[in-house]
Amino acid sequence: FYQPKDIISGDFYWALRKDDKLYVAAADCTGHGVPGALMSMIGVTFLRQIINELNVTDTSEILNRLHSLVLNTLNEDISTRNSKDGMDVALLKIDLLNKKAQFSGAVRPLYVSSKKGFEIIKGDRYSIGGIKSMEETFSSVEIDLTGGKSFYMFSDGFADQFGQQTGKKFMVKNLQNLLAEVSALPMDEQLKRVSKVF
Numbered sequence: 094f095y096q097p098k099d100i101i102s103g104d105f106y107w108a109l110r111k112d113d114k115l116y117v118a119a120a121d122c123t124g125h126g127v128p129g130a131l132m133s134m135i136g137v138t139f140l141r142q143i144i145n146e147l148n149v150t151d152t153s154e155i156l157n158r159l160h161s162l163v164l165n166t167l168n169e170d171i172s173t174r175n176s177k178d179g180m181d182v183a184l185l186k187i188d189l190l191n192k193k194a195q196f197s198g199a200v201r202p203l204y205v206s207s208k209k210g211f212e213i214i215k216g217d218r219y220s221i222g223g224i225k226s227m228e229e230t231f232s233s234v235e236i237d238l239t240g241g242k243s244f245y246m247f248s249d250g251f252a253d254q255f256g257q258q259t260g261k262k263f264m265v266k267n268l269q270n271l272l273a274e275v276s277a278l279p280m281d282e283q284l285k286r287v288s289k290v291f
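Here my numbering is used: the first residue of the sequence shown is 94, the next is one more, and so on.
FYI, nobody ran anything at the bench for these hints, they're computed from the structure. Wrong hints could be hidden among the right ones.
Once the Cα atoms are required to be at most 16 Å apart in a straight line, the calculated EDC-like pairs of lysine to aspartate or glutamate come out as [stated by the list, open to error]:
1. Lys289 / Glu274
2. Lys192 / Asp112
3. Lys209 / Glu274
4. Lys266 / Glu212
5. Lys98 / Asp253
6. Lys242 / Glu212
7. Lys193 / Asp113
8. Lys114 / Glu235
9. Lys215 / Glu235
10. Lys215 / Asp188
11. Lys225 / Asp112
12. Lys192 / Asp253
13. Lys266 / Asp253
14. Lys111 / Glu212
15. Lys225 / Asp249
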């Protein structure tokens with residue numbers, strides 16, 4: 094579900110298949126319009142480079158490399174730049190051959206729906222390009238794909254949407270409840286329900 098506020102957006106979703114692995118990301122970049130879109134382009138370019146050219150497969154290491162590249166691109170000296178420049182990213186790798194997945198998040202979470210219920214896997218507390226030191230590393234979570242699972246990743250755009258009648262934000266809790274409620278439906282039906290609520 095993609096409804097950018099402007100024609101170009103600071104939020105992006107991205108996917109890449111390499112061999113038997115599928116990489117999917119949802120990111121929330123700082124800024125709106127042109128500045129946000131520029132950060133989106135940087136994010137997409139570097140993700141592709143890290144996986145395709147540098148052959149990094151571990152999601153935590155992909156985010157570590159992305160952090161380093163974004164820092165160096167914007168300005169390595171944090172004291173001379175706006176430390177809010179960067180992005181929050183949810184990154185999922187699906188190993189199609191071994192039926193396993195791996196998740197790493199820079200602030201953004203991953204929601205997992207399965208027969209066992211609805212689970213929220215939190216991302217690490219630091220953003221890509223933010224104040225994280227190079228010594229700190231992003232963590233990763235391994236996920237077994239047997240039994241069937243659905244994954245949900247998103248920016249803060251939906252939860253931060255103001256209601257036309259109420260003038261209040263939709264809020265993360267309501268988004269969690271909405272996704273838990275629709276998660277048993279076929280994906281095209283889920284999209285219709287989410288679109289209607291939006």
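query: For the pair supplied as a hint, Lys242 and Glu212, is the alpha-carbon distance within the 16 Å limit?
result: 11 Å, holds
task: Given the hint that Lys111 pairs with Glu212, test it: the Cα-Cα distance must not exceed 16 Å.
output: 27 Å, violated
query: Do the alpha carbons of Lys215 and Asp188 lie within 16 Å of each other, as the hint requires?
result: 21 Å, violated
task: Sort out whether Asp253 lies within 16 Å of Lys192, counting only the CA atoms.
output: Roughly 34 Å separates the two Cα atoms, so the pair is violated.
Satisfaction of hint between Glu212 and Lys266, Cα-Cα up to 16 Å: 13 Å, holds
message: Hint check: Lys114 vs Glu235, CA-CA at most 16 Å. Holds or violated?
response: OK: Lys114 and Glu235 at ~14 Å, within 16 Å.
- prompt: Holds or violated: are the alpha carbons of Lys225 and Asp112 at most 16 Å from each other?
  reply: 32 Å, violated
- prompt: Between Lys193 and Asp113, is the straight-line Cα distance small enough, at 16 Å or below?
  reply: 11 Å, holds
message: Lys209 and Glu274 were given as a pair; does the straight-line alpha-carbon distance stay at or below 16 Å?
response: Judged against 16 Å, a Cα distance of about 14 Å means the pair holds.
Given pair status - Asp112, Lys192, alpha carbons within 16 Å: Answer holds: Lys192 to Asp112 is near 14 Å, not above 16 Å.
task: For the pair supplied as a hint, Lys98 and Asp253, confirm whether the alpha-carbon distance does not exceed 16 Å.
output: 12 Å, holds
- request: For the pair supplied as a hint, Lys215 and Glu235, confirm whether the alpha-carbon distance does not exceed 16 Å.
  value: 13 Å, holds
Comparing the model with each earlier hint shows violations of hints 10, 11, 12, 14, 15; every other hint is respected.
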